[in-house]
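These are the residues of each chain, in order.
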Amino acid sequence: MDRLLEFRLSSFFRNKKGAEKYLSPWWFAILFIVAGGIVYMVALFYGKPYDIREVEANLLAEKIADCVVEQNYLKTEILNDPEFKTKFLEYCDLNFNAEDSYGWSNDQYYAEFGISDFSTKKDFEGFPFYAGNPNLKDYCGQQDKNFPFCVEKSFYVLDKTNKQYIVKIISIVRKTEKNAKQ
Amino acid sequence: MLNNKKAQIQNKKAQVGETVTWMVAILIIIVIVIISVIVAGLGELAKNIFNLDNKIVVASSDRIAEKSLYNYLLTPYPGGGNVYLKIRTEGNLEEEDKFSGELASEIFKGFYEKNYPMVVWLGTGGNYYFGSRPSSVRGDFDPNIHYLVDYVSSAIYLDENKYLELILMNK
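Taken in order, these protein sequences are the chains called A and B. Each residue of the first sequence is one higher than the last, beginning at 1 in the working numbering. Each residue of the second sequence is one higher than the last, beginning at 1 in the working numbering.
Hints are computed from structural coordinates only; laboratory data are not their basis. Treat each hint with caution, since some may be false.
Unchecked claim - Lysine-lysine pairs mimicking DSSO-like chemistry, simulated, CA-CA at most 30 Å apart:
hint	chain 1	residue 1	chain 2	residue 2
1	A	75	A	145
2	A	122	A	168
3	A	163	A	121
4	A	87	A	122
5	A	87	A	137
6	A	122	A	163
7	B	114	A	160
8	B	109	A	75
9	A	175	B	86
10	A	121	B	162
11	B	109	B	86
12	B	98	A	121
13	B	98	A	85
14	A	87	B	98
15	A	85	A	75
16	B	162	A	122
17	B	114	A	85
18	A	137	A	121
19	A	63	B	114
20	B	109	A	168
21	B	109	A	63
22	B	98	B	109
23	B	98	A	145
Unchecked claim - Example chain A residues on the side facing chain B (calculated, C-beta under 7 Å, incomplete):
hint	residue
24	40
25	45
26	49
27	59
28	62
29	156
Cβ coordinates follow ideal geometry from the N, Cα and C atoms, glycine included.
Isolated chain B, as found in the complex:
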């Protein structure tokens, strides 16, 4: 009889131990949950750690700027044809082609420099009116550098090897 009761006492001790274990466990869980909540609350920090907000040269389109581009190319060229045909046959916006160059400057620099202060560029390559083609865009993108810019690029193909490109870049 006494032996049975001793055995029961030992079982109870085991229960006490188990409960204490759970009490400690719940405290540890609470601490872990609090730490997790604090980390989640520092959302900006977490986003920076995982680089979630950094745009890595996000290409997009500006359909309103594209309308200007299409209409620029459709503009009649003095002496016949239009700007598209002129650029297609004679090449880039060079100094001697004042009509195409000045019209392009007036339209694209005039309308889009406010919305795209970083770069407004048009051409088939480096040219007199818009300078050299901006680097770090399509074709020469360095994956090791995170560019915090947004850029718009529209290309009009002139022939197999040549296209007229409008590049607008914003910070």
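Next comes chain A alone, as it looks inside the complex:
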């Protein structure tokens, strides 16, 4: 009887040792679950990219406006200097190169520059002209966030002889994959 009891007790004793042995894996499991949960929650909450295309397109338009205006007056040479049109990006210190990702091939931007007489509203010869990917313009007016973002801005400006002009700038930024990820 004593032997049987002793056997049962020793068997039970070994099981208990097992329980003690497996306690630390529970600790690790909790650690990983909690850490994984926190990482997942943060990724879920902040994982959606910020859509900065509107800001980028506005900045592009402002940069072009600054490029053609000097001390509040229109640079009149832009009307006569052919290099302004042919080397527009260099003239305004712009760079339309996009990041080497998502298969982009520097086709993510479009800028159009027009200038017309304030009284007659007629465009000057050779204007408007554009730089960048002209296909993006087809999407303007669409409200879907998966389409490129368009900004159309006009402003009133004088030259140094007080002649009045209207400058019209269209700037478009695509970069949909990076800004409008689902």
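Fit chain B to the known structure of chain A by using the hints.
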């Protein structure tokens, strides 16, 4: 000998209890983590609860509209001077000042009503061409109301007590 073994059995029972406690604890932790993940997933709901996305009248600037404003003020006034001097000496855009008023309407309403459909206003106060100054902007802002609008305001000081203000508001 037997007493020692009884004592050991009791210790084992304590270990069983501890393990069961941890198993239950881990289940509770998993449930809490799942609830937290679901709440985090309802990001929009959380943002609404904490009002993160609501703009409370965010003032910004539109540098392109400012260029129009500066050039408008520099425009020569028939008879001498410019629009700036005219407004500074004679006051607001009233009906009789057709040149300043119509030019302002053509520029600001013509160019900016599309981008700022809510309000396009220019003046030193209520005037014939742009009406009364829009409320709920600088000076009479009610902190209890969340305005879901974006507004642009540029002010040109005319003298110590008077300034010409351009206000553009978008939804």
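A quick look at each hint next to the structure:
1. Among the hinted pairs, residue 75 of chain A with residue 145 of chain A is inconsistent with the structure: their alpha-carbon atoms are about 36 Å apart, more than 30 Å.
2. Using a Cα cut-off of 30 Å, the hinted pair residue 122 of chain A and residue 168 of chain A holds, with the two alpha carbons roughly 12 Å apart.
3. Distance restraint check for residue 163 of chain A and residue 121 of chain A: the Cα-Cα separation of roughly 13 Å lies within the 30 Å cut-off, and the hinted pair is therefore satisfied.
4. Of the pairs offered as hints, the one joining residue 87 of chain A and residue 122 of chain A holds, with about 24 Å between alpha carbons and a cut-off of 30 Å not exceeded.
5. Among the hinted pairs, residue 87 of chain A with residue 137 of chain A is consistent with the structure: their alpha-carbon atoms are about 21 Å apart, no more than 30 Å.
6. A hinted pair counts as satisfied when its Cα atoms are at most 30 Å apart, and residue 122 of chain A with residue 163 of chain A qualifies at roughly 14 Å.
7. The hinted pair formed by residue 114 of chain B and residue 160 of chain A meets the criterion: a straight-line CA distance of about 29 Å does not exceed 30 Å.
8. As the CA atoms of residue 109 of chain B and residue 75 of chain A are separated by approximately 25 Å, the hinted pair is consistent with the 30 Å bound.
9. As the CA atoms of residue 175 of chain A and residue 86 of chain B are separated by approximately 47 Å, the hinted pair breaks the 30 Å bound.
10. Distance hint between residue 121 of chain A and residue 162 of chain B is unfulfilled; the C-alpha atoms sit about 34 Å from each other, more than 30 Å.
11. Pair hint residue 109 of chain B plus residue 86 of chain B holds up; C-alpha atoms about 21 Å apart against a cutoff of 30 Å.
12. Between residue 98 of chain B and residue 121 of chain A the alpha-carbon distance is near 21 Å, which keeps this suggested pair within the 30 Å criterion.
13. With a C-alpha separation of about 38 Å, the suggested pair residue 98 of chain B and residue 85 of chain A falls outside the 30 Å cut-off, and the hint is violated.
14. Using a Cα cut-off of 30 Å, the hinted pair residue 87 of chain A and residue 98 of chain B is violated, with the two alpha carbons roughly 42 Å apart.
15. A hinted pair counts as satisfied when its Cα atoms are at most 30 Å apart, and residue 85 of chain A with residue 75 of chain A qualifies at roughly 14 Å.
16. With a C-alpha separation of about 37 Å, the suggested pair residue 162 of chain B and residue 122 of chain A falls outside the 30 Å cut-off, and the hint is violated.
17. Using a Cα cut-off of 30 Å, the hinted pair residue 114 of chain B and residue 85 of chain A holds, with the two alpha carbons roughly 28 Å apart.
18. The suggested pairing of residue 137 of chain A with residue 121 of chain A holds, with an alpha-carbon distance near 22 Å, which does not exceed 30 Å.
19. For the hint linking residue 63 of chain A to residue 114 of chain B, the alpha-carbon distance of about 21 Å falls within 30 Å, and the restraint holds.
20. Distance check on the hinted pair: residue 109 of chain B and residue 168 of chain A sit about 15 Å apart at the alpha-carbon level, within 30 Å; holds.
21. Only pairs whose Cα atoms come within 30 Å are accepted, and residue 109 of chain B paired with residue 63 of chain A is accepted, the gap being roughly 23 Å.
22. With a C-alpha separation of about 15 Å, the suggested pair residue 98 of chain B and residue 109 of chain B falls inside the 30 Å cut-off, and the hint holds.
23. This hinted pair does not check out: residue 98 of chain B and residue 145 of chain A have alpha carbons roughly 43 Å apart, beyond 30 Å.
24. At its closest, the beta carbon of residue 40 of chain A sits 6 Å from a beta carbon of chain B; the interface hint therefore holds under the 7 Å criterion.
25. For residue 45 of chain A, the interface hint holds, since its Cβ comes within 7 Å of a Cβ in chain B; the closest pair sits about 5 Å apart.
26. Hint status for residue 49 of chain A relative to chain B: violated, with the closest Cβ pair at about 13 Å, above 7 Å.
27. Given hint, residue 59 of chain A at the interface with chain B, is violated; its Cβ is 10 Å from that chain's nearest Cβ, farther than 7 Å.
28. For residue 62 of chain A, the suggested interface contact is upheld, since its CB lies about 5 Å from the closest CB of chain B, less than 7 Å.
29. For residue 156 of chain A, the interface hint holds, the least distance from its beta-carbon to any beta-carbon of chain B being 4 Å, beneath 7 Å.
When each numbered hint is compared with the structure, violations occur for hints 1, 9, 10, 13, 14, 16, 23, 26 and 27.
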